[in-house]
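Participant: So you can see what is in the structure, the chains are spelled out below.
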Amino acid sequence: MGLEKHIVAPLSKEEVQNLKAGDYVYITGVIYTARDAAHKRMYEALQKGEEIPFSLKNNVIYYMGPSPAREGQIIGSAGPTTSSRMDKYTPLLLDTGLLGMIGKGYRSQSVIESIIKNKAVYFVATGGAGALLSKCIKKSKVIAYEDLGTEAIHELYVENFPVIVAIDSNGNNLYENTDIIS
Amino acid sequence: MRVINTGEIVSNIKEMCIEANYKLASDVSTRIMDAYKNETSDLGKLILGQLCENMNIAENEQIPICQDTGMTIVFVKIGQDVHIEGGSLEEAINEGIRQGYKEGFLRKSVVSDPIIRKNTMDNTPGVIHYEIVAGDFIEITVVPKGFGSENMSRIYMLKPSDGVEGIKEAVLKTVKLAGPNACPPIVVGVGIGGSFEKCALLAKKALTRNLDEPSNFPHIRKLEEELLEEINKLGIGPGGFGGKITALGVKIETYPTHIAGLPVAVNICCHVNRHITRIL
Ligand code: SF4
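These protein sequences, in sequence, are chains G and V.
FYI, this note's numbering numbers position 153 of the first sequence as 139, with every residue one higher than the one before it.
FYI, this note's numbering numbers position 9 of the second sequence as 1097, with every residue one higher than the one before it.
Pulled out of the complex, with its shape left as it was, chain G reads as follows (with noise of 0.2 Å):
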């Protein structure tokens, strides 16, 4: 296991390139949802030169789409949800600023030659453990495309969210088994 260490968000490059695939991180500051729905219109938009609906620079966008929250409560469940149907998207987010992405499982080599090129991280929380998660999320709000449902773009304020390095901007993957896929 690597370090614990405690960051900031929006990231700084500096930070980012101190990570080490392996670390034990918890996030603390304002970080934004989208899934797929969410990323084919973000991904539509700038292919057409368009405005998306926050900046991405040194932002890190959480792959997400939380269950209704009950009344009294911020958000339902909160995990992570598979990365690798974003893949085709990221490499144009990361150029455009996107500096760190939390999902789980494995991405493509055009995600992580990306991540090299654009110095990013890829942070992997905990599938299946939404409700744990959600505990460390203290403020949620719909920020855009809100007809998506649990789609919507969330803007979140997390403090201590826990996720672990699975792939730094060097390019180290944490998942020893990448060969096994295509």
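Hints listed in this document are in silico derivations from the structure and should not be mistaken for laboratory results.
Check the hints yourself; a few may be wrong.
To be verified - Take a look, some chain G residues computed to stay more than 12 Å from chain V by CB distance:
#1 -1
#2 1
#3 16
#4 29
#5 31
#6 145
#7 156
#8 157
As the list claims (entries may be wrong) - Below, a sample of chain G positions facing chain V; criterion: calculated Cβ distance under 10 Å:
#9 37
#10 70
#11 112
#12 117
#13 130
#14 152
#15 158
In this text, a Cβ means the ideal position worked out from N, Cα and C, and glycines have one as well.
Given chain G's structure and the hints, the job is docking chain V with the ligand onto it.
Facilitator: Just chain V with the ligand, lined up with the frame of chain G:
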């Protein structure tokens, strides 16, 4: 002949959708807790510790175990001596899902068309499998199935000559492919035999079995045990970061098949293996 009203079906399905998403059956939760005790990798143990805590928070604070509260798979066994009154059975099942996902604060994860992809906003329709059986009861099993693991499931049309070795190879290949994407530790449901669609259905049914009850057939029980051992030797581990616990259980269902075929379906489920059965 016994009469069952659709109202009773609606309310039961509703309750089952909710219950399944907040508390795992004890066979599954016990295996997760045992995994925590037995895992030797540091990171693996940490992740399993989080999963144990997650189960407690889910139950005590009424937050679903996982935000992916699934597409709702429903198995319905209808006794042939039952008459259902009060409207369409299919509509009653979907109404139960609709109410359960609304009142239970569960995520709506279903799109109305696989290509146009517009959210139906009430998690309907469910995927419903009917079976007519002898008797005067209705047995309903509700399986909220997450798609992180569903996406990593596979079907193989093997040759009879591939035999047990071929089956094992197919299962291990699927588990490796799933790796971290299916939220390990996983439960593996395997369907062997039948036809293309039958083996898939068997694999899904296998996931609803109690993990503590092995197959009644000695050769299948042996295969379940051997596969569990071999899967755990792969070292994928909790979260896919390495460790000795990759699977919590392997369940196999079989059916007679054609002289020319050996269909094998591998349905992967994450540790949030939700299923609940009631008999009306
Ligand atoms: S695969 Fe299972 S544990 Fe993982 S996100 Fe989906 S439902 Fe949750």
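Participant: Now, for every hint given, state plainly whether the structure supports it.
Facilitator: Each hint, compared with the structure:
No beta-carbon of chain V comes within 12 Å of the beta-carbon of residue -1 of chain G; the shortest separation is about 26 Å. With a minimum CB-CB distance of about 22 Å to chain V, residue 1 of chain G clears the 12 Å threshold, and the non-interface call stands. No beta-carbon of chain V is positioned within 12 Å of the beta-carbon of residue 16 of chain G; the least distance is around 20 Å. Residue 29 of chain G, annotated as away from the interface, keeps every beta carbon of chain V farther than 12 Å; the closest lies near 15 Å.
With a cut of 12 Å on Cβ distances, residue 31 of chain G stays outside the contact zone with chain V, its closest approach being about 17 Å. At roughly 16 Å from the closest C-beta of chain V, the C-beta of residue 145 of chain G stays outside 12 Å, upholding its exclusion from the interface. With a cut of 12 Å on Cβ distances, residue 156 of chain G stays outside the contact zone with chain V, its closest approach being about 18 Å. With a least CB separation of 17 Å from chain V, residue 157 of chain G remains clear of the 12 Å interface cut-off, as annotated.
The criterion of a C-beta within 10 Å of any C-beta in chain V is not met by residue 37 of chain G, whose closest approach is roughly 23 Å, and the hint is violated. Look at residue 70 of chain G: its Cβ gets to within about 7 Å of chain V, closer than 10 Å, so that hint holds up. Of the supplied interface hints, the one on residue 112 of chain G holds, with its beta-carbon coming within about 5 Å of a beta-carbon of chain V, less than 10 Å. Restraint check, residue 117 of chain G versus chain V: the minimum CB separation of about 4 Å is within 10 Å; hint holds.
This hint is violated: residue 130 of chain G has a C-beta 16 Å from the nearest C-beta of chain V, more than the 10 Å allowed. Given the 10 Å rule on beta carbons, the hint for residue 152 of chain G holds: about 8 Å separates it from the nearest Cβ of chain V. Using the Cβ-Cβ criterion of 10 Å, the hint placing residue 158 of chain G at the interface with chain V is not satisfied: the shortest such distance is roughly 13 Å.
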